[in-house]
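Student: Each chain, written out:
Protein chains: 2
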Amino acid sequence: MAKIKLSEISTLPPGKLEKDAIKTATAQIVYELDELQNLLYAQHKWSVLIVLQGMDASGKDGLIRDVLGQMNPLGVKVQPFKAPTEEEMDHDFLWRIHRYAPAKGMIQVFNRSHYEDVLVQRVHKWVDSDTIKARMKAINDFEKLLAEHNNTRILKFYLHVSRKEQAERLKERTEDPRKMWKYNDKDIEEAKLWKHYEKAYEDVFRNCNDIPWIIVPADQNWYKEYLVAKTLRDMLKGLKMKYPMLKR
Amino acid sequence: MAKIKLSEISTLPPGKLEKDAIKTATAQIVYELDELQNLLYAQHKWSVLIVLQGMDASGKDGLIRDVLGQMNPLGVKVQPFKAPTEEEMDHDFLWRIHRYAPAKGMIQVFNRSHYEDVLVQRVHKWVDSDTIKARMKAINDFEKLLAEHNNTRILKFYLHVSRKEQAERLKERTEDPRKMWKYNDKDIEEAKLWKHYEKAYEDVFRNCNDIPWIIVPADQNWYKEYLVAKTLRDMLKGLKMKYPMLKR
Chain G
3 MAKIKLSEIS TLPPGKLEKD AIKTATAQIV YELDELQNLL YAQHKWSVLI
53 VLQGMDASGK DGLIRDVLGQ MNPLGVKVQP FKAPTEEEMD HDFLWRIHRY
103 APAKGMIQVF NRSHYEDVLV QRVHKWVDSD TIKARMKAIN DFEKLLAEHN
153 NTRILKFYLH VSRKEQAERL KERTEDPRKM WKYNDKDIEE AKLWKHYEKA
203 YEDVFRNCND IPWIIVPADQ NWYKEYLVAK TLRDMLKGLK MKYPMLKR
Chain S
3 MAKIKLSEIS TLPPGKLEKD AIKTATAQIV YELDELQNLL YAQHKWSVLI
53 VLQGMDASGK DGLIRDVLGQ MNPLGVKVQP FKAPTEEEMD HDFLWRIHRY
103 APAKGMIQVF NRSHYEDVLV QRVHKWVDSD TIKARMKAIN DFEKLLAEHN
153 NTRILKFYLH VSRKEQAERL KERTEDPRKM WKYNDKDIEE AKLWKHYEKA
203 YEDVFRNCND IPWIIVPADQ NWYKEYLVAK TLRDMLKGLK MKYPMLKR
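Residue numbers (the numbering used here), protein chains in the order written: chain G, 3 to 250; chain S, 3 to 250.
Think of the hints as simulated: they come from the structure by calculation, not from any bench. Owing to the predicted nature of the structure, the values given are computational and were not obtained by experimental measurement. Treat the hints with care, as some may be off.
Repeated chains share a single entry, so a pair holds when one copy, or any two copies, can fit it.
As the list claims (entries may be wrong) - Under the rule of at most 30 Å between Cα atoms (straight-line distance), these lysine-lysine pairs were calculated in the DSS-like manner:
| no. | residue 1 | residue 2 |
| --- | --- | --- |
| 1 | Lys242 | Lys188 |
| 2 | Lys135 | Lys242 |
| 3 | Lys47 | Lys135 |
| 4 | Lys21 | Lys47 |
| 5 | Lys18 | Lys106 |
| 6 | Lys127 | Lys242 |
| 7 | Lys5 | Lys146 |
| 8 | Lys127 | Lys184 |
| 9 | Lys5 | Lys139 |
| 10 | Lys188 | Lys249 |
| 11 | Lys84 | Lys249 |
| 12 | Lys244 | Lys21 |
| 13 | Lys201 | Lys173 |
| 14 | Lys47 | Lys139 |
| 15 | Lys106 | Lys127 |
| 16 | Lys244 | Lys25 |
| 17 | Lys106 | Lys146 |
| 18 | Lys135 | Lys146 |
| 19 | Lys127 | Lys47 |
| 20 | Lys127 | Lys244 |
| 21 | Lys239 | Lys18 |
| 22 | Lys7 | Lys25 |
| 23 | Lys146 | Lys127 |
| 24 | Lys127 | Lys249 |
| 25 | Lys146 | Lys201 |
Let the sequences and hints guide you as you build the complete structure.
Tutor: This is how it looks when you write it as structure tokens:
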């Protein structure tokens, strides 16, 4: 992937789009997704992995609720990845990830992912740069394993918010009683490392395998939801799935 | 690894060795292994993966019982891999393997392994040769992941028996009441595919990463046990492990 400067990419929807029209379009896409997911499950040939990354408050949880969570829960699983447990630390960093790889017919959403091991760990200098390089290579190999050996289609979304938008959302968490549960002192500390995270993400994008990252302008939820839903819909349609014939 | 012709490698111990002297040496090594394994567990830095492959009746089970099973079970785990379950088939072929990768401080024995997916599946032509090549690459990457990202030292043993010895052992299973439980019609069918398995193994050896296969002449149990125990002992000693200091 070519070099990307996040600061040069807009976090806003393209100017010509109208919010109401887009929201209607999204509703239609979500409706289509329901049928496509049913087909994916029934055909039992492909699997889908959706990787969600982004700064704190970039809207990952909301996206899961409002778009990905709308499909039949029988065929959709969501797995959040937080700081590794002691048991997980006793293994290579992909060990805990691999067990949640999607089975055939399934859509698996990673709320944060194996990329944290080349992001947060790098920003805090818990590992050296050689380790980061080696991990990046291991991640690229690992994703190829899923893609080539289990028909896994991988969508990697970076939810791209501005620093200003993030600050507002974090502030909201201190003020809105319905959002206070999300507040964490640590987020304020992490937010100060913005430039370091930006750099770490840019390196991830540049060093990634041929499964591309999709940068999602995410200051406006309606556009973020539309773009993710549309990307997923288009990918699933491209699989040209068919219901299996009756086995006799 | 250079090209290996299994039919040109002896399945017998080197001529100059004396069975009794070797058995005494093995007992001494097994004694040392006990202490080394304790150190491995206590230091909690390295992990060990022992991969056992070989034709049917090449003596994998006996080796596990008589050598590897002599260590403290707290720090040694054995995992057999048989035909994959339906759930496992819904994932990439390394998914079921990865969850049994050794944690830090542990010795993990694989009784058969991820290599079955490029052996039995190839011999029976369940997958095409491109898939075999892609799997071999994935295996090499996977082992590097364990080695580089979890300090896993991998020992890959091929228990090398002659076709004649195998035939005798399979026959014994039909005659010795203590061994009849091991008898399986399918083994006789598989034994007929000897040449195909030999070729598949030779390709595995040739296409392997820089973690070498160790060919163990295995017609004589006493020599097989000695060589495996000695290899493990030497590897563990080479780690120059130390008991951790008291943390204050």
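Student: Decide, hint by hint, whether the structure agrees.
Tutor: Consistency of the hints with the structure:
For the homomeric pair Lys242 and Lys188, neither the shortest alpha-carbon distance inside one copy (45 Å) nor that between copies (40 Å) is at most 30 Å. For the homomeric pair Lys135 and Lys242, the shortest alpha-carbon distance between copies (27 Å) is at most 30 Å, but the shortest distance inside one copy (37 Å) is not. For the homomeric pair Lys47 and Lys135, the shortest alpha-carbon distance between copies (21 Å) is at most 30 Å, but the shortest distance inside one copy (33 Å) is not. With identical chains, the CA atoms of Lys21 and Lys47 are never at most 30 Å apart, being 36 Å at best within one copy and 55 Å at best between copies.
In this assembly of identical chains, the alpha carbons of Lys18 and Lys106 never lie at most 30 Å apart, being 39 Å within a copy and 55 Å across copies at closest. Proximity of Lys127 to Lys242 under the C-alpha cut-off of 30 Å is restricted to the inter-copy arrangement: shortest distance 28 Å between copies versus 45 Å within a copy. Both within a single protomer and between protomers do Lys5 and Lys146 lie at most 30 Å apart by alpha-carbon distance, with minima of 22 Å and 28 Å respectively. For the identical chains of this complex, Lys127 and Lys184 are intra-copy neighbours only, at 26 Å inside a copy versus 54 Å across copies, given an alpha-carbon limit of 30 Å.
Taking the closest pair of Cα atoms, Lys5 and Lys139 come within 30 Å of each other both inside a single copy (18 Å) and across two copies (28 Å). In this assembly of identical chains, the alpha carbons of Lys188 and Lys249 lie at most 30 Å apart only when taken from different copies (28 Å versus 55 Å within one copy). Taking CA atoms no more than 30 Å apart as the test, Lys84 paired with Lys249 passes between copies only; the shortest distance there is 27 Å, against 43 Å inside one copy. Taking the shortest Cα distances, Lys244 and Lys21 never come within 30 Å of each other, neither inside one copy (34 Å) nor across copies (64 Å).
For the homomeric pair Lys201 and Lys173, the shortest alpha-carbon distance inside one copy (24 Å) is at most 30 Å, but the shortest distance between copies (66 Å) is not. For the homomeric pair Lys47 and Lys139, the shortest alpha-carbon distances inside one copy (27 Å) and between copies (23 Å) are both at most 30 Å. Taking the shortest Cα distances, Lys106 and Lys127 sit within 30 Å of each other only across copies (22 Å), while inside one copy they are farther apart (37 Å). In this assembly of identical chains, the alpha carbons of Lys244 and Lys25 lie at most 30 Å apart only when taken from the same copy (29 Å versus 63 Å across copies).
When the C-alpha separation of Lys106 and Lys146 is checked against a cutoff of 30 Å, the pair qualifies both within a copy, at 16 Å, and between copies, at 26 Å. Proximity of Lys135 to Lys146 under the C-alpha cut-off of 30 Å is found in both arrangements, the shortest distances being 17 Å within a copy and 14 Å between copies. In this homomeric assembly, Lys127 and Lys47 come within 30 Å of each other (Cα to Cα) only across copies, at 20 Å, whereas the closest approach inside a single copy is 41 Å. Taking the shortest Cα distances, Lys127 and Lys244 sit within 30 Å of each other only across copies (27 Å), while inside one copy they are farther apart (48 Å).
For the homomeric pair Lys239 and Lys18, the shortest alpha-carbon distance inside one copy (26 Å) is at most 30 Å, but the shortest distance between copies (69 Å) is not. In the homo-oligomer, the alpha carbons of Lys7 and Lys25 lie at most 30 Å apart inside one protomer (29 Å), although the nearest pairing across protomers, at 66 Å, exceeds that limit. Within a single copy, Lys146 and Lys127 get their C-alpha atoms as close as 27 Å, and across copies as close as 23 Å, so both meet the 30 Å cut-off. Taking identical chains as interchangeable, the C-alpha atoms of Lys127 and Lys249 lie at most 30 Å apart only when they sit on different chains, with a minimum of 23 Å there against 56 Å within one chain.
Both within a single protomer and between protomers do Lys146 and Lys201 lie at most 30 Å apart by alpha-carbon distance, with minima of 25 Å and 27 Å respectively.
Of the numbered hints given earlier, the model fails hints 1, 4, 5 and 12; all others are met.
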